[in-house]
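Numbering (numbering that gives the first Met the number 0), first residue to last: 0 to 355.
Simulated from the structure, these hints should not be mistaken for laboratory data. Check each hint, because a few of them may be wrong.
[Stated by the list, open to error] Below, computed lysine-lysine pairings styled on DSBU-like, alpha-carbon distance capped at 30 Å:
1. Lys123 with Lys229
2. Lys316 with Lys288
3. Lys181 with Lys123
[Said to hold, decoys possible] Simulated DEER-style distance windows between Cβ atoms:
4. Glu60 with Ser192: 45 to 55 Å
5. Lys62 with Ser95: 22 to 32 Å
6. Lys288 with Glu61: 17 to 27 Å
7. Lys123 with Glu44: 46 to 56 Å
All C-beta atoms in this analysis are idealised placements derived from N, C-alpha and C, irrespective of residue type, glycine included.
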Amino acid sequence: MDPEDFKQMAKEAIDYIVDYIESVGNRAVLPNVEPGYLHHIIPKEAPEHPDDWRQIIPDIEEKIMPGITHWNSPMFNAYFPGGYSYPSVIGDLLSSGIGCIGFNWLLSPACTELEVIVLDWLAKMMDLPDFYLASSDGPGGGIIQTSGSEGILVALLIAKHKLTRQILENDPSLDENTIKGKLIAYSCDQSNSCVEKAGLLGSMKTRLLQADNAGRLVASTLLDAITQDKENGLIPCFVVATLGTTGTCAFDDLSEIGPICRREGIWLHVDAAYAGAAFICPEYRYLMKGIELSDSVNMNPHKWLLVNFDCSAFWIKDRRYIQEAFSVDRIYLRDRGECIEKWAPDFRFQTFSLQH
C-alpha cells in the first residue's frame, strides 16, 4: 500500500465507520452465529500473498459484522455501552499514525507532558483533592493505565510494598516473605470481580465483605473484619472502596471507611471506574465525600466520557510509592536525567508495560 492507496483506503474506512455508527440501531444487537462460525469462512492458513485492500471492507461486512455484538446499539442493555465518539476515533488515528512510545520523557516529551497535563485537567473537573494534581506542591499525580483492573492491581502492589518495607524498617529481623503472607485486603462483595483477581495476582489474601441492603460496604462490617483478622495474626493492608458498583451503581461511604483506614494505616484505594465521571457534575459530588482520605483513585474515561477503549485514569497521592514498587531499571531505558520530575515522570516506573 503506497501513500495514495492509504489515503483512499482511509477515506473508505472512515466512510464505513460513519455509516456503521449512524445506522448501528438498525442492526440486530446479538449475532445469529454459532461458536466456530468464523473458522469455516476464514482460511486455515495465513495467505502467502496480500489481498487487495479494496476487498478488506467487503470482508468486514460479510464475514466479521455477522459475528459482532453491537455494544453501542441503543438496544444493547446488557452492560454500559462501549465508549466511543468521532473525536476519539480521530485521536486514535492520529496516535497510531505518529506511533511513538513514551515510557520516559526523552523518548517522547510531548506525550509524557500532555498526559500529565490532561490528567490534571480531569482531576480538576472531578474536583479531586489537590494532592492528586501534578501541579500541586505535593508528590502526587496521575497516569493512564490500560484498565480499572490494572489500576486496582497496581494499587494493591504499591500498598503491599509500602507496608512490607515499613514493617521491616521497624524490625529488620523479620522475614519479608512471612510478612507478605500475613497481609490481607478488603472490599465489598459487590465490588468488581477484578478486585478478587488483583488479590490472586498480587498474592494477597482478600476478603469480600457482605454488603448492606443498599449494596454498600458498611464501616462497621469492615472494622469487625479488621479486628478479627488482627486477632488471628494477619496484617490489614489494603481496602478497595467502590464509587458506582457494577451491579447496582452503589456508592461506598468514604467518610466512614476513610477514617478507619487512616487510623489502621491501611491503603485506601477508590474504584470509581464506572461512575467517577459523574463527579464532573457538582450535584453528584456528595457521593464522594471522604475522598480526601484516599491514597489512590481510578476512573475510566472509556465508559461515560466517550473515549475509545482502553483508557483508565489513575491518580496516586504520592508517586514516590509507585516508583519504589515498580522500579526495575536497565541502562537502555534511561534518559539523560535532566528533566523536572513533576512534569516529566518516568512512566516506565508507574505501570507494568513499557508500551505507554
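Structure-based check of each hint:
| no. | hint | verdict |
| --- | --- | --- |
| 1 | Lys123 with Lys229 | 38 Å, violated |
| 2 | Lys316 with Lys288 | 17 Å, holds |
| 3 | Lys181 with Lys123 | 38 Å, violated |
| 4 | Glu60 with Ser192: 45 to 55 Å | 34 Å, violated |
| 5 | Lys62 with Ser95: 22 to 32 Å | 23 Å, holds |
| 6 | Lys288 with Glu61: 17 to 27 Å | 53 Å, violated |
| 7 | Lys123 with Glu44: 46 to 56 Å | 53 Å, holds |
Taken one by one, the earlier hints fail for this structure at numbers 1, 3, 4 and 6, listed in ascending order.
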